[in-house]
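> Chains as they are written, first to last, in this note's numbering: chain A, 1 to 214; chain V, 215 to 487.
Calculated from the structure, these hints are not laboratory results. Predicted, not measured: the structure shown is a model, and the values here were computed from it. Keep in mind that the hints are not guaranteed to be accurate.
As the list claims (entries may be wrong) - Covered stretches of chain A (chain V as the covering partner; in silico rule of three or more C-beta atoms under 8 Å from a C-beta of chain V):
1. 137–151
2. 154–161
3. 171–179
4. 182–196
Claimed, not checked - Per the computed footprint, the stretches of chain V lying under chain A, defined by three or more beta-carbons under 8 Å from a beta-carbon of chain A, are:
5. 235–249
6. 254–266
Ideal placement from N, C-alpha and C gives every residue a C-beta, glycine not left out.
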Amino acid sequence: MLYPWAFTFELICLICAVVFLKNSTKVGYWHAFIYYMLFIVLLEGAGWSCWFIFHQKNHWLYNIELPVTCFFLAWVFGKELAPFGVSKRWGWLALLIFTTVFVYESLHTKLTDYNSWSATVRAVLFIVASGIYFYLFLKKTDYVILYKHPPFLLIAGIFFFYFISTGATIFIEELSKIYIAEGVPLRHVLFTFLNACLYGCFAYSFRCRYQQTI
Amino acid sequence: MPLWVLCLFIPLQIPTNHIILLVVLITLIFLVAAGFLLLYVAMYNKKKKKHKEEKIALKSVFENELLKTRLEIQEITLRHISQEIHDNFAQTLGLVKLTMSTADPHQPEQVGGALLRSKELVGQVIQDMRQLSHSLSPDYLEQQGLQALIAQQLQQLEKTNQYTAKLTVTGYPEQRNLQKEMVVLRIVQELLNNTVKHAKATIISIDMLYQQNGLTVTVKDNGIGFDPASLSTAAGNAGLGLINMHKRMELVEGTININSCPGNGTTVVISVT
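With the rest of the complex left out, here is chain V:
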């Protein structure tokens, strides 16, 4: 049997003062160790407090950002409505007024023609207003689905006879998140608006791909394209729209990739989980 094992069973003849010293020493060492352990727990807990405070601060920043983005979206929507009223409804109704005022009441045939023309124009205004209302309403998105609203946007473009628009949908949504769908719809609307305004495109295609891990929407045109890097360094509002799109996608934990170069059209890929 090893010597140290024997020592456990044989009472050691340690002098009294040594025992006292030993007990005092052991107690002091254990006291310091226990103190350190409790101190460590307390310090670590303090770190957790700091971490929690940082999380709250981050959340507050995020909420501020969310609010700002919501206000921006609201502003964009209002601008869109104002533009529609000015460019479309006011123009068409102005035309109705002009048609009615130029008709001579003493010539029934001319009045009849003017009324018919006015009826057509008013009908067109009603239809456009309905479409605008649908494109803005979240309830309509819930009822019709993202796919139907995007198809509607493309149909509207095709009606102008200036564009060939195509929508391809692969898969179907297993779980719907209206907030995310609304953000995607608004971005697609803004992209189409940009295409109409700046791209000088003739073909626009949208591919919607529903997968298990989310939705990917690819918006493609054959327009003049642009250099994304030049927009990010441009002064004023030139690149602001794209930055806002990025921000909005970040808020719904999504991504947006813009691929474009002058003369080669633009492809934008939006992904949300």
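Bound conformation, chain A alone:
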């Protein structure tokens, strides 16, 4: 049985969210991160128990995570790209594309398998949105201290996670089969590393956000 590192990172990130964001303003996405992280931790815990304790397939659980994360992070991107003059219509168009693929794939697989196409589309949309953010960020004349700028850290974490996981996402089925057949936990190792980066960035951005608001 593999140690649930991802769950550990998510739990630490949830604790950071509660500690640093509990007093943040209810308007905007920062406070909502507490509920999002709580959802992620519960889902990861349920998924891990399902697979390792009850030996049941947990794909349907992770399929629930797909639209929740997609809509939540789309909200984050929408809020961060709006000051640069990016229209919300692009965000709605991206969500429409994702929803179409997700609904089609769910009807096709009946949620018994992981919706890998939806995951890929979601990853592509986040990479594009991050790219747009970085481009507009560079064009901006104002200077900010990057390692203390919460939105930048948040988006850098998202970009890092989804961009580097491209290989693992494309071969997700094969990697699962390899793990079952030959016991090589490559997918687990990769996602442990990527989760550490993602939730590390999240937790650090929560801390920076907290320092900005005290």
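Use these hints to put chain V onto chain A, whose structure you have.
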């Protein structure tokens, strides 16, 4: 259908170790690419920081220059006041004193004449003091406008009966900028002062042209002229006044062009936006 399109739909039988290698390779390449991108953003941001610091340094230099120029203007104004007091008021009041002291109190007719003469002289001093006060006051500039103050300066010159002065105004100011007008007025005053002191001119003309993109003032005289190049290389304070005028115009985003040559008078064109 091309072969590569078919390949997308046919599951490839890739050996396990190849898939592992492929995934590891793709991940590493993407890791390096993401790292480079973030590094680039960070480096570019650092450049922005440097640029901002340079801008602050430039601003500080500009503010220093502004302060220096303000002090110079203040000094010039004080010198002008001192000169006026010495050359005009002190002389005239001295004359009043002389007139009063030479009058014999036992000769009422002489006293009456001296009083009348003194009254005229004191009246002249009061008028000159009022004019000096007006020419220095920014409030008066705001109330009367640049045109009126320049006209006043020319009238003063004409009163000496040594000069024929002419003012032509075309257009009217759509938007007034008092700071810029004050700088223009001071420069015109200094130019007129230079003309009186050095040019040996008999005709002085000023053309004011208000346009949409700003104001152009042309100050022209028929004096002896000078070689501007010789002033810029001259030692001491000879060319300092002109350099200061250039600096002051730069501070209000304006320009000053001096055209002169010995024997052909001088034309100075001042432009502000």
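> Taking the earlier hints as the rules, which of them does this structure contradict?
Those not satisfied: there are none.
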